[in-house]
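Q: Each chain, written out:
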Amino acid sequence: MAANTWKEWMQGLIELEELIEKLRQALDRESEPSEHQRIEARLKEFERRRDVVLEVITTRMGPWEEVLMARAEPRPYTLDYIELCLTDFIELSGDRRYGDDKAIVGGTAFLDGQAVVVVGHQKGRNLQERTFRNFGMAKPEGYRKAMRLFRMAEQFRLPVVTFVDTPAADPGVESESRGISEAIAESMRVMFSLTVPVVSVVIGEGGSGGAIGIAVANKVLMLEHAIYSVIPPEGCAAILWRDAKKGPEAAAALRLTAKGAHEFMLVDRLLEEPFGGAHRDPASVGETVKKAIVEEFEALSKFTPSELREQRYSRFRRMGMYETA
Amino acid sequence: MSAGPTAAPGRFVQCLHCRKTLFAKDFLAAQKVCSYCGHHHRLTWQERVDWTFDPGSFEETDVNLVSVDPLSFPEYREKLSASEAKTGLRDSVVSGTATLEGHRLSVAIADFAFMGGSMGSVAGEKITRTLELGLERRMPSVIFCASGGARMQEGLWSLMQMGKTVGAVERCRESGVPFIAVFTDPTMAGVLASYASVADVILAEPRALVGFAGSRVSKQAQVIKAPDDFQTAEFAHRSGMVDRIVPRRELRSTLATLVRALGAALPVSEKVVA
Chain V
151 MAANTWKEWM
161 QGLIELEELI
171 EKLRQALDRE
181 SEPSEHQRIE
191 ARLKEFERRR
201 DVVLEVITTR
211 MGPWEEVLMA
221 RAEPRPYTLD
231 YIELCLTDFI
241 ELSGDRRYGD
251 DKAIVGGTAF
261 LDGQAVVVVG
271 HQKGRNLQER
281 TFRNFGMAKP
291 EGYRKAMRLF
301 RMAEQFRLPV
311 VTFVDTPAAD
321 PGVESESRGI
331 SEAIAESMRV
341 MFSLTVPVVS
351 VVIGEGGSGG
361 AIGIAVANKV
371 LMLEHAIYSV
381 IPPEGCAAIL
391 WRDAKKGPEA
401 AAALRLTAKG
411 AHEFMLVDRL
421 LEEPFGGAHR
431 DPASVGETVK
441 KAIVEEFEAL
451 SKFTPSELRE
461 QRYSRFRRMG
471 MYETA
Chain G
20 MSAGPTAAPG
30 RFVQCLHCRK
40 TLFAKDFLAA
50 QKVCSYCGHH
60 HRLTWQERVD
70 WTFDPGSFEE
80 TDVNLVSVDP
90 LSFPEYREKL
100 SASEAKTGLR
110 DSVVSGTATL
120 EGHRLSVAIA
130 DFAFMGGSMG
140 SVAGEKITRT
150 LELGLERRMP
160 SVIFCASGGA
170 RMQEGLWSLM
180 QMGKTVGAVE
190 RCRESGVPFI
200 AVFTDPTMAG
210 VLASYASVAD
220 VILAEPRALV
230 GFAGSRVSKQ
240 AQVIKAPDDF
250 QTAEFAHRSG
260 MVDRIVPRRE
270 LRSTLATLVR
280 ALGAALPVSE
290 KVVA
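Residue numbers (the numbering used here), protein chains in the order written: chain V, 151 to 475; chain G, 20 to 293.
Isolated chain V (complex conformation) (with noise of 0.2 Å):
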C-alpha cells in the first residue's frame, strides 16, 4: 500500500535520524572515554543505515514518491528562495483591488545585485501557517497582486522571477464569485504582453490552472524532484476511476515528474537537487537555483524587448502534440 504523505512514506528515515540527533547529544554530553566509544561506534551504525535507506528510497522513486516529495512540508518554499537566491528582498502587498493574497508573495529584490521582480506561490510549514497561506492556494486577489507587480516590473523595465509551488488555486465560493478564472487567464495574459525577461522556476508543486497562472515564462526551469500537472493525480483517479485513493496509478498516467515534462520539452531545464530532496540542503540547492536564473537572464538579455515577447510567445505557440490526418 502506498503512503499517503511524504511523511508517512519517510517513517523509518525520521525515525533513524531522530535516533542519530540523541545519540549525537548523548556524545557531547558523554566524559568517560569507553563510553564515548562505544557510542561513536553506535552513531557510526545508524549513520551507515541512515545513507542505505537514503539511498534505497532516493534511487527507487514513482511518480507517486516524487507526488510526495514534490510536496513534502520541509522542502524550501518561495520565500526561502527568496532569501536564499536574492537580496533587499522588500515584500509589497496586495492587489489595489480587494485585499492581499497570502498564498501568493511578492516584491523587489536583488539577484547578483540586478534589481528584479519576484512572486511566488507560498505554502505554510505547520498548521498555523498553513492556514495563513491557504494550503498555498491563491485566491483572485492572488492573480491580480501577481499582475500589479508584473506591470510594475514593465514598467520600471525590471526581469521578473516567478517561484511556482502550489497545489491547485482556491477553489471555494468566494474565489468563483471573485472570478478566480478571470484572475488566472488575465494573469496569463499580462505575462504575454510583458518585453521584460521572466523566468519561472518550479518548485515544488505545478498545480494546474494556478500553476501555469504565474508561469508565462521565457524560460521555465524545474526542480528534479517537482511536478507539473494538468490535474492533481487523486482528482484524475476521482474522475476516472471513481477512487481518489488510485492516486498513485493516475500519479504515473499523467507523467507529471520533472523529467516527463523536460523529456516532452515543455520545461526548458531541469535543477538537479542534493541527493534526497531539495530540503536535505537548502543551501546547495539555493546555489544551483540562482546560478540557474541568472544564467538564463544573462541568455535572456541577448533579445530585444520586442524579441522577448515573441519569443515567449512562440515557445507556447508550439507547444501541441498533434497528427495531420
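Hints may be right or wrong, so weigh each one.
[Stated by the list, open to error] Some chain G residues judged to face chain V by a derived CB distance under 7 Å, without partners named:
1) Phe92
2) Leu175
3) Met260
4) Ile264
5) Pro266
6) Ala275
[As the list claims (entries may be wrong)] Computed from the model, here is a short list of chain G residues facing chain V with C-beta under 7 Å:
7) Leu41
8) Gly75
9) Leu84
10) Ser140
11) Ala169
12) Gly174
13) Ser177
14) Leu178
15) Met181
16) Gly186
17) Leu228
18) Phe231
19) Ala232
20) Ala245
21) Ser258
[Stated by the list, open to error] Simulated pairs of lysine to aspartate or glutamate, DMTMM-like, Cα-Cα distance not exceeding 20 Å:
22) G:Lys98 / V:Glu473
23) G:Lys98 / V:Glu399
24) G:Lys244 / V:Glu180
25) V:Lys396 / G:Glu94
Keep in mind the hints are simulated off the structure, nothing from the lab. By construction, the Cβ of each residue, glycine as well, lies at the ideal position given by its N, Cα and C atoms.
On the provided structure of chain V, position chain G as indicated by the hints.
A: Frame of chain V, contents of chain G only:
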C-alpha cells in the same frame, strides 16, 4: 452524455430540465429551447453553425487535425475512437470562417459530445489558429465554448494549451482585432480559466454551467454556503464575469450588432456583402 432530446427522432421529445413533453418540430423551431421552462439544451456544432451564421457561409478549416496519445494514457485511444464514432468529429472543436449578416468571421465551435468538449492539443491548436486567422485577415473571432476543461489524458500538454490560447488572445488585443466568447453549457475549468475569460466581450446562454472547479470540490472547500445558482451563467454575470446573458433566439442578432460595433475600425474590404 446524451446528445439531447433529438437523440430519439420522433414526434415528441422530453425536456431534460422540466421533463415536460414537447412537439419535436416546435422544439427544433425554438432552437432546442424548452417552451415551458426555457431550458437551453446543448447543441451539436452543426446546429450551432446553422442557427448562428449566414446560411451556407461556413467553411471549415483544419479538418484533418487529430489527437495523438502523447502519454500513452490508459484507454485514451479507445475514448477518442468512441467519441469519433458517436459524433463523426475528429476532436472537440470545429473551426472555420463564416459570415454573420455579411461580416466575415473567424469562428470555432466546441462540441460537448466529443469527450466533454475537453481541450487537448488539437482543441488548443484549433482555438489558437482561429484567433491567428482572425488576426491575420483582420476579422473578428467568435468562439462558442462548451467544455469540461483541459483534457486530462494529455496531461501537461493540455495545461500548456491554456497558455498558448491566451497568448493568441493577447496578440489579437495588441492588434485591435476583436474576440467574442459565448459561454454555452458547460464552460468550465481549464477553458474558463484561459482564452474564454480574456475575450473582449463575453456572452452566455441562460443557465449554462460556468465555473472553475467541479461544484463538489468548490462546495467542499468552503464554509460559506454556495448560492442556489452557484456556477451558472447568472452567477457569473452577477459577479461581473460575463457581459450579458443572451437567450438563444437573440444570440445571432446580438453577435451581429457587436461585430458591427467592435469591428467598425477594421478594413471595409473584409465585410462581405451577403
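Q: Each hint should be assessed against the structure and marked as holding or not.
A: Against the structure, the hints:
The interface hint given for G:Phe92 is met, as the beta carbon of that residue sits about 5 Å from the closest beta carbon of chain V, less than 7 Å. A hinted interface residue such as G:Leu175 counts as satisfied when its beta carbon comes closer than 7 Å to some beta carbon of chain V; here the least separation is about 5 Å, so the hint holds. Below 7 Å, beta-carbon pairs count as interface contacts, and G:Met260 has one with chain V at about 5 Å; its hint therefore holds. For G:Ile264, the suggested interface contact is broken, since its CB lies about 16 Å from the closest CB of chain V, more than 7 Å.
About 23 Å separates the beta-carbon of G:Pro266 from the nearest beta-carbon of chain V, more than 7 Å, and the hint is not met. This hint is violated: G:Ala275 has a C-beta 26 Å from the nearest C-beta of chain V, more than the 7 Å allowed. For G:Leu41, the shortest C-beta to C-beta distance to chain V is roughly 33 Å, which exceeds 7 Å, and the interface hint is violated. Hint on G:Gly75 is violated. Least Cβ distance to chain V is approximately 25 Å, over the 7 Å limit.
The beta carbon of G:Leu84 comes within 5 Å of a beta carbon in chain V, closer than 7 Å, and the hint placing it at the interface holds. A hinted interface residue such as G:Ser140 counts as satisfied when its beta carbon comes closer than 7 Å to some beta carbon of chain V; here the least separation is about 4 Å, so the hint holds. For the restraint placing G:Ala169 at the interface with chain V, the shortest Cβ-Cβ distance is roughly 5 Å, inside the 7 Å limit, so the hint holds. Of the supplied interface hints, the one on G:Gly174 holds, with its beta-carbon coming within about 5 Å of a beta-carbon of chain V, less than 7 Å.
For the restraint placing G:Ser177 at the interface with chain V, the shortest Cβ-Cβ distance is roughly 5 Å, inside the 7 Å limit, so the hint holds. Nearest Cβ of chain V to the Cβ of G:Leu178: about 4 Å, under the 7 Å cut. The hint holds. Among the interface hints, the one on G:Met181 holds; its C-beta lies about 6 Å from the nearest C-beta in chain V, closer than the 7 Å criterion. Because the smallest distance between the Cβ of G:Gly186 and any Cβ of chain V comes to about 5 Å, under 7 Å, the interface hint for this residue holds.
Because the smallest distance between the Cβ of G:Leu228 and any Cβ of chain V comes to about 12 Å, over 7 Å, the interface hint for this residue is violated. A cut of 7 Å between beta carbons decides the hint on G:Phe231: the least distance to chain V is about 5 Å, and the hint holds. The beta carbon of G:Ala232 is positioned within 7 Å of a beta carbon in chain V (closest approach about 3 Å), and the interface hint is therefore held. Here the hint on G:Ala245 is kept, as its CB sits about 5 Å from the closest CB of chain V, short of 7 Å.
Because the closest C-beta pair between G:Ser258 and chain V is about 5 Å apart, less than 7 Å, the hint holds. With a CA separation close to 17 Å, the supplied pair G:Lys98 and V:Glu473 stays within the 20 Å bound. At roughly 18 Å between alpha-carbon atoms, G:Lys98 and V:Glu399 fall within 20 Å of each other, so this suggested pair holds. For the proposed pair G:Lys244 and V:Glu180, the alpha carbon gap of about 61 Å is over 20 Å, so the pair is violated.
For the hint pairing V:Lys396 with G:Glu94, the CA-to-CA distance comes to about 16 Å; that is within 20 Å, so the pair holds.
In terms of the numbered hints stated before, the structure departs from hints 4, 5, 6, 7, 8, 17, 24, listed from lowest to highest.
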